[in-house]
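Turn these sequences into a full structure, and let the hints steer you where they fit.
Residue numbers for the sequence shown follow the UniProt record's numbering, so the first one is 1 and each next one is one higher.
Watch out, some of these pointers could steer you wrong.
Stated by the list, open to error - Computed spacing ranges between beta-carbons, pair by pair:
{"id": "1", "residue 1": "V36", "residue 2": "G15", "range": "11 to 21 Å"}
{"id": "2", "residue 1": "D18", "residue 2": "I72", "range": "29 to 39 Å"}
{"id": "3", "residue 1": "R4", "residue 2": "D63", "range": "17 to 27 Å"}
{"id": "4", "residue 1": "S28", "residue 2": "R4", "range": "25 to 35 Å"}
{"id": "5", "residue 1": "D18", "residue 2": "D39", "range": "30 to 40 Å"}
{"id": "6", "residue 1": "Q50", "residue 2": "R16", "range": "16 to 26 Å"}
{"id": "7", "residue 1": "R53", "residue 2": "V13", "range": "17 to 27 Å"}
{"id": "8", "residue 1": "T2", "residue 2": "D24", "range": "24 to 34 Å"}
{"id": "9", "residue 1": "D32", "residue 2": "K11", "range": "11 to 21 Å"}
{"id": "10", "residue 1": "R9", "residue 2": "N68", "range": "18 to 28 Å"}
{"id": "11", "residue 1": "K6", "residue 2": "T64", "range": "15 to 25 Å"}
Read the hints as simulated data drawn from the structure, not as lab findings.
Even glycine gets a Cβ: it sits at the ideal position worked out from N, Cα and C.
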Amino acid sequence: MTDRIKINRVKNVLGRIDYPTGRDEAASAFADVTLVFADGQTNLGELIAQADRNRFDSVDDLDTELNNVMPIEAVGEPGQSDGDA
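The following block contains the structure:
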């Protein structure tokens with residue numbers, strides 16, 4: 001069964017595994033988790049697999065790296081604008 005979590009709950013879910021951990025191990029552990037955000041969704045395991053780092057020493061390490069690979073749809077509210085450029 002696939003878990004569906006909102007983006008604001010991802011840190012709690014990341015705490016389900018032991019650290020330090022490798023990228024491949026973390027991606028595998030969360031392969032059945034769908035991350036739901038403001039304007040879409042993605043597979044958490046696939047997102048972790050895109051990370052540049054090979055190792056995460058803590059939940060905070062992995063959470064920070066996820067923020068770097070998060071799709072644009074995950075940021076803000078649907079239809080939200082950054083204003084005039």
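So, going through the hints one by one against the coordinates:
1. Checked against the given bound of 11 to 21 Å, the beta carbons of V36 and G15, roughly 18 Å apart, stay inside it.
2. Judged by the Cβ atoms, the range 29 to 39 Å given for D18 and I72 holds: they are separated by roughly 32 Å.
3. The given range of 17 to 27 Å is respected by R4 and D63, whose C-beta atoms sit roughly 18 Å from each other.
4. Here the CB-CB span from S28 to R4 is close to 19 Å, at odds with the stated 25 to 35 Å.
5. Separated by about 33 Å at the C-beta atoms, D18 and D39 satisfy the suggested range of 30 to 40 Å.
6. A beta carbon spacing of about 20 Å between Q50 and R16 agrees with the range 16 to 26 Å that was offered as a hint.
7. As the Cβ distance of R53 to V13 is approximately 18 Å, the hint placing it in 17 to 27 Å holds.
8. Hint check: T2 to D24, Cβ distance near 20 Å, so the stated range 24 to 34 Å is violated.
9. A hinted range of 11 to 21 Å holds for the C-beta pair D32 and K11, which are about 18 Å apart.
10. Evaluation of the 18 to 28 Å hint for R9 and N68 yields a pass: the beta carbon distance comes to about 19 Å.
11. Checked against the hint of 15 to 25 Å, the C-beta distance between K6 and T64 comes to roughly 19 Å, which is consistent with it.
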